[in-house]
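K.L.:
Spelled out, the chains give:
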Amino acid sequence: MTEVEWTIVALSLKVSIVAVLVTMPIAYGLAWVIARRRFPGRMLLDALVHLPLVLPPVVTGWLLLVLLGRNGAIGGWLYDALGITLVFHWTGAAVAAGVMALPLMVRAMRLSIEAVDRRLVGAARTLGASPFRAFLSITLPLSLPGIAAGAMLGFARSLGEFGATITFAANIAGETRTLPLAIYTGLQVPGSESAVARLAVISIVLSLGALLASEWLVRRSQGARAHVL
Amino acid sequence: MSFDVDIDMAVDDHAFALKFVSDAKLTALVGPSGVGKTSTLNAIAGLLRPRKGRITVAGRVLFDHAAGVNLPPEQRRAGYVFQDARLFPHKRVAANLDYGEKLAPPDARFVTKAEVVNLLEIEHLLDRLPATLSGGEARRVAIGRALLSAPRFLLLDEPLASLDESRAETLLTLIERLRDELDLPMLLVSHSTAEVERLAGRVVTMTQPGQA
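So the protein sequences, as listed, match chains A and B.
Take the first sequence: its letters are residues 131 to 359, numbered as in the numbering used here.
Take the second sequence: its letters are residues 874 to 1085, numbered as in the numbering used here.
Bear in mind the hints are in silico, worked out from the structure with no lab data behind them.
The beta carbon of each residue, even a glycine, is placed where N, CA and C say it ideally should be.
Incorrect hints may appear among the rest.
Stated by the list, open to error - Computed beta-carbon distance windows for the label pairs:
| hint | chain 1 | residue 1 | chain 2 | residue 2 | range |
| --- | --- | --- | --- | --- | --- |
| 1 | B | R933 | A | M173 | 38 to 48 Å |
| 2 | B | V884 | A | G171 | 54 to 64 Å |
| 3 | B | A1034 | A | L175 | 39 to 49 Å |
| 4 | A | R248 | B | E1038 | 29 to 39 Å |
| 5 | B | V884 | A | I204 | 17 to 27 Å |
| 6 | B | R933 | A | L212 | 46 to 56 Å |
| 7 | A | L342 | B | R933 | 49 to 59 Å |
| 8 | B | S906 | A | K144 | 14 to 24 Å |
| 9 | B | A883 | A | L212 | 51 to 61 Å |
| 10 | B | S1065 | A | L342 | 47 to 57 Å |
| 11 | B | D957 | A | R168 | 19 to 29 Å |
| 12 | B | G932 | A | I204 | 18 to 28 Å |
| 13 | A | L151 | B | Q956 | 48 to 58 Å |
| 14 | B | P905 | A | L175 | 39 to 49 Å |
Just chain B, with the same shape it has in the complex (with noise of 0.2 Å):
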């Protein structure tokens, strides 16, 4: 089982339960804005605590309420991609990328920063700082600093969204070698039809409170 999540949460004044169970390589979370997808990446990350339920990934419970299981982030091990990037300001390109890989584990790493830099056509790119980045240079390399730092599993946040069409081919080619070539569970949040259906093996739709 990839993830197998079910959670109630608060975030501000809004609250949403989610349920669901997956087995797909990479599983697509999709609705409407506000419903709390990038919620539920976070709290899959541990950077938001669900009010109760359970968070199971690759078999490892993460989130257990009523065990009182709660893994704080650095030892759940996720390699999330943030919408924004959300690259160190003051670091280089080759610092954000290192800062995940010294943390991880020797044992469990599975790229070198060589292999990561040639995938993402980012070496150019490794002594600048990130405000001089575009936004599609700036998420490849939030992509590799998440592959470096050895995660057991992916989460997304709208990878392609505000890039142009030849920008977001070239990555969208991209996760789908990483789901095909590496073994680790993703979870896409998208608003793209067009990019759930050519990458997800299965889709969890979230609705508003009342409308489900």
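Looking at chain A on its own, in the form it has when it is part of the complex (with noise of 0.2 Å):
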């Protein structure tokens, strides 16, 4: 790979590794609240989450324009407060790679909450266990398998994020220029055809790559439930 290929891998891989990383514990929390939880507006939350996998992708950067941009409701406050720019910035596209794997995320680790049988965690708080304490030795550990599915798929979908970064992030060459976007502003030169199919190939096996790590922990955690029973 060239050096410039090198810095688009690189980016990719930031941008998706930090993505997934910060959305983990919060897709994980809604995932709990939705798989556990009965309560008003539950239905809610669910299609809210959902929102970001059948809104255009277009939609979701230029909500989170009007939002984190520098001057919306959010976005302002983090400028005035802390000094930080979303917008134009690679963590602006960890940040719509992140709230578009969400979705995917919150589905697998919801399914993994939702198949820890709940009389575990009653057995654990006969037992002596808080229900934080039940939550930690109990419901976490069991519904590992879906946390890493999870993290794989989101990984994954974050590598190919293109609509919303480039609405919210846009296209900054070592900056913000991600696979997708760098395959696009390819192109849209005329003989780069070679550099394109290059970057797709790359793009192809990255993601078949991360497709195929989580189907195999799928597989691992079913395998390790029929197991259980």
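Dock the two chains into a complex; use the hints.
P.N.:
In structure tokens form, the structure reads like this:
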């Protein structure tokens, strides 16, 4: 790979890894609440979490711009109070990727939390565990395969993120130009067909690897569950 | 008084009321399937909340609807041996045994892990995962786990169900020993008349509403 390609791949990996790491605890919290709590507005929360999956990504990007842009409700505060700017910055690309990956991650984690027998939590409570301790020692470790699968899925989704990223974080070489954006940029320039093809192959290899890893984790978790019964 | 229970419960579509006072070391709860025996154990353990009533075990009020008392399960300190053992599938037998012991107040403990392992003959199982245990083995581990959590009373849900005769006899003898050697009120749910006659000092019969 050329140096330019390395820069693009490294940036893509950095954006995706940070996006997944930051989104993971949020996704798990949402997954737990949706799986285990019954409250008015639960359906609405579930729908909101899934929104990035069905909205045109450019709309999600626009919403991020409205909320997190320099003049946005949250973005303005971030800049004034902490001096943080997300727009035109790789962290903005990570935010866009994280938001787009959230529904997939919540879905995988929620399924694995629902698969944890609640009666095991009850057993832990009779043995003297507080609700939080029972969560840490029973629900969390038993839903670990779903956390890993969700993270992998989210990572694969982040690698491919385009619409929300280009809308929110723009297409700046070395800063927010991830693989899909670099491919798109190459397509605009006549004579760069082979460069585009190379990037496309790299993209396919990375995505396929993440997907296979996720599939393997799911399989392993199903195997473990069959073992439990 | 070991058990003083007066509850009114609704579980799914089934509603029932139960009232009994027992002074026996081991009280048996009998009745047809679906009458609410396990739900009663769950209510005493704090896993289900009755609609109203009062639950007192060994002089301690665990639930009192009128007074607004409803201790969470971890404060009730029930040694609950579930019918399906309900061992933690991701922890080895040794870790399952340790789970409640680590959470028990040190001065409340009355047996050591070594004693429990010896008594229940589960030494050879300590490194195994619950999924690899037979029904009888899992139940012995479950009893050990409950005893090590330093419970104030024991709830046994069909401890001998689906065990072959020799295994059942071993466990029966063990329960007798626990009854005679420990100062723990015990509540046993059972379908077996022979088992109940041999173990229980007091039998509480639950009947379907309308049959009583």
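K.L.:
With reference to the structure, classify each hint as holding or not holding.
P.N.:
Hint check results:
1. The beta-carbon spacing between B:R933 and A:M173, approximately 42 Å, falls within the hinted interval of 38 to 48 Å.
2. Under the hint 54 to 64 Å, the C-beta atoms of B:V884 and A:G171, about 27 Å apart, miss the expected range.
3. The hinted window of 39 to 49 Å between B:A1034 and A:L175 holds, with their beta carbons roughly 42 Å apart.
4. Between A:R248 and B:E1038 the beta carbon distance is about 34 Å. The supplied range of 29 to 39 Å therefore holds.
5. A hinted range of 17 to 27 Å is violated for the C-beta pair B:V884 and A:I204, which are about 46 Å apart.
6. A C-beta distance of roughly 53 Å is found between B:R933 and A:L212, which places it inside the suggested range of 46 to 56 Å.
7. For A:L342 and B:R933, the hinted distance range of 49 to 59 Å is satisfied, since their beta carbons lie about 56 Å from each other.
8. The supplied range of 14 to 24 Å is broken by B:S906 and A:K144, whose beta-carbon atoms lie about 60 Å from each other.
9. For the pair B:A883 and A:L212, the supplied restraint of 51 to 61 Å holds, since their beta-carbon distance comes to about 52 Å.
10. Between B:S1065 and A:L342 the beta carbon distance is about 53 Å. The supplied range of 47 to 57 Å therefore holds.
11. Between B:D957 and A:R168 the Cβ separation comes to about 25 Å, which falls inside the hinted range of 19 to 29 Å.
12. Restraint check, B:G932 to A:I204: a C-beta distance of roughly 56 Å breaks the suggested window 18 to 28 Å.
13. Between A:L151 and B:Q956 the C-beta distance comes to about 42 Å, which lies outside the given range of 48 to 58 Å.
14. The beta-carbon spacing between B:P905 and A:L175, approximately 43 Å, falls within the hinted interval of 39 to 49 Å.
Checked against the numbered hints above, the structure violates hints 2, 5, 8, 12, 13; every other hint is satisfied.
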